[in-house]
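A.B. asks: Sequence:
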Amino acid sequence: MMLEAELQAKVLDLCKKYRSRVFHSTDSRKDIGAGYPDLTIVGKSLLMAELKQQYTNLSVPQTSWKYALKAAGVAYYLWHPSDLTDGIIEIMLKSIAV
Numbered sequence: 670m671m672l673e674a675e676l677q678a679k680v681l682d683l684c685k686k687y688r689s690r691v692f693h694s695t696d697s698r699k700d701i702g703a704g705y706p707d708l709t710i711v712g713k714s715l716l717m718a719e720l721k722q723q724y725t726n727l728s729v730p731q732t733s734w735k736y737a738l739k740a741a742g743v744a745y746y747l748w749h750p751s752d753l754t755d756g757i758i759e760i761m762l763k764s765i766a767v
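For the sequence shown, our numbering gives the first residue as 670, with consecutive numbering after it.
Do not take every clue at face value.
[To be verified] Taking lysine-lysine pairs in the BS3-like style, the calculated list, with each CA pair at most 25 Å apart, reads:
1) K763 <-> K721
2) K763 <-> K685
3) K713 <-> K739
4) K739 <-> K763
No lab work stands behind these hints: they were computed from the structure.
Start from the sequences and build out the full structure, keeping to the hints where you can.
C.D. replies: Following this line, the structure appears as structure tokens:
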């Protein structure tokens, strides 16, 4: 089973491949905005991604951010390892490549 840290490393590699800028808060639980998505990714457009191990759900603060961001028109994604192996993450990152 792929850990969240492994998934993140692979996503960051893809961001580098497609020359996207990335911000990652090292521990959003300690930030003012608890539950803020793991990655803010900027290429030709902006997307935000929460990374989780397979079959893991969002916390209440993460769910709150998800709905607030979607309501504001932000492209928000919840990515699991299966999204990486299915190629979905790479397709999304390639679509915003600079």
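A.B. asks: All hints are to be evaluated individually against the structure, with a verdict given for each.
C.D. replies: Each hint tested on the structure:
no.	hint	result
1	K763 <-> K721	holds, 21 Å
2	K763 <-> K685	holds, 11 Å
3	K713 <-> K739	holds, 18 Å
4	K739 <-> K763	holds, 21 Å
Figure legend: structure checked against the earlier numbered hints; every hint is met.
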